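Asks: Numbering-wise (full-length UniProt numbering), the sequence shown opens with residue 1 and increments by one.
Just so you know, the hints here were simulated from the structure itself, not pulled from any lab data.
From a predicted model like this one, the values you see are computed outputs, not experimental measurements.
Hints are supplied without guarantee of correctness; some may be wrong.
Here are the simulated distance ranges between beta carbons [claimed, not checked]:
id: 1; residue 1: W56; residue 2: I132; range: 15 to 23 Å
id: 2; residue 1: F123; residue 2: E155; range: 54 to 62 Å
id: 3; residue 1: K99; residue 2: E32; range: 17 to 25 Å
id: 4; residue 1: G101; residue 2: P169; range: 47 to 55 Å
Here are the computed lysine to aspartate or glutamate pairs in the DMTMM-like style, where the Cα-Cα straight-line distance is at most 25 Å [said to hold, decoys possible]:
id: 5; residue 1: K85; residue 2: E32
id: 6; residue 1: K91; residue 2: E173
id: 7; residue 1: K83; residue 2: E25
id: 8; residue 1: K83; residue 2: E173
id: 9; residue 1: K85; residue 2: E25
id: 10; residue 1: K83; residue 2: E32
id: 11; residue 1: K91; residue 2: E25
id: 12; residue 1: K99; residue 2: E173
id: 13; residue 1: K91; residue 2: E155
id: 14; residue 1: K85; residue 2: E173
id: 15; residue 1: K99; residue 2: E25
id: 16; residue 1: K99; residue 2: E155
Don't be surprised by glycine CBs; every beta carbon is placed ideally from N, CA and C.
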Amino acid sequence: MATTTTATATATAAIKTVFSTSTIEWAMWANEHVLLTGYVLGIFSILTIIFHFPLWQIAIYGLLLALFIIIIEYPRSGRIVKKSKARPLQKYPSLLLTKLGPLTRNYFIRFVVYILLSLPCLFLISTIAPAISLIIGAGAYGLAALFQEQWIPVEPKTTDNTVPMPTRPPPREPLYRAPSNA
Numbered sequence: 001m002a003t004t005t006t007a008t009a010t011a012t013a014a015i016k017t018v019f020s021t022s023t024i025e026w027a028m029w030a031n032e033h034v035l036l037t038g039y040v041l042g043i044f045s046i047l048t049i050i051f052h053f054p055l056w057q058i059a060i061y062g063l064l065l066a067l068f069i070i071i072i073e074y075p076r077s078g079r080i081v082k083k084s085k086a087r088p089l090q091k092y093p094s095l096l097l098t099k100l101g102p103l104t105r106n107y108f109i110r111f112v113v114y115i116l117l118s119l120p121c122l123f124l125i126s127t128i129a130p131a132i133s134l135i136i137g138a139g140a141y142g143l144a145a146l147f148q149e150q151w152i153p154v155e156p157k158t159t160d161n162t163v164p165m166p167t168r169p170p171p172r173e174p175l176y177r178a179p180s181n182a
């Protein structure tokens, strides 16, 4: 009797779904994709407002959404392998993301928010392509959330004591000469 309960307990424990760590960092791909989508959405929204396309009021929403996306997505996340390079002036929006805490750190929240915020842009022909692209980027964030990735700030580079770069161009003469026997 005791062996059947332990066998049932181990079988139940084996059924639990645990996703192993992926070799692909989905958040990195999602960040680049959604940031580019924000730029494209901003450009398309500006052109729609300028030329007064039908339903151009949705383009105002698209422009505000593009600004929101660019502010949230501009800071690059630190990578697992610690080889991430920060974007120029990343520290300012990065402070905002660290202050907001789990709202911006959790990729599942970004997944849901980006899908919901892209829906109004699907009703305007000039913003439908960026809206679909934003949904695809949100899907990549969904995969990142599935593999338990989360946003972490990029750590500043530490300087180590390595050999300094040469000051003279090649060919270089040796710094010392061996005494000759002549």
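Asks: All hints, please: hold or fail.
Replies: Quick rundown of the hints versus the structure:
1. W56 - I132: 15 to 23 Å: holds (20 Å)
2. F123 - E155: 54 to 62 Å: At roughly 42 Å between Cβ atoms, E155 and F123 fall outside 54 to 62 Å, so the hint is violated.
3. K99 - E32: 17 to 25 Å: The hinted range 17 to 25 Å holds for K99 and E32, with Cβ atoms some 24 Å apart.
4. G101 - P169: 47 to 55 Å: Holds: the Cβ-Cβ distance is about 51 Å, inside 47 to 55 Å.
5. K85 - E32: holds (13 Å)
6. K91 - E173: Between K91 and E173 the Cα gap is close to 43 Å, so the pair fails against 25 Å, i.e. violated.
7. K83 - E25: holds (12 Å)
8. K83 - E173: Outside the cut-off at roughly 36 Å; violated.
9. K85 - E25: Given pair K85, E25 holds - Cα atoms ~15 Å apart, limit 25 Å.
10. K83 - E32: holds (16 Å)
11. K91 - E25: Answer holds: K91 to E25 is near 22 Å, not above 25 Å.
12. K99 - E173: violated (55 Å)
13. K91 - E155: holds (10 Å)
14. K85 - E173: violated (36 Å)
15. K99 - E25: holds (24 Å)
16. K99 - E155: Distance ~16 Å between K99 and E155 Cα, so the pair holds.
In terms of the numbered hints stated before, the structure departs from hints 2, 6, 8, 12 and 14, listed from lowest to highest.
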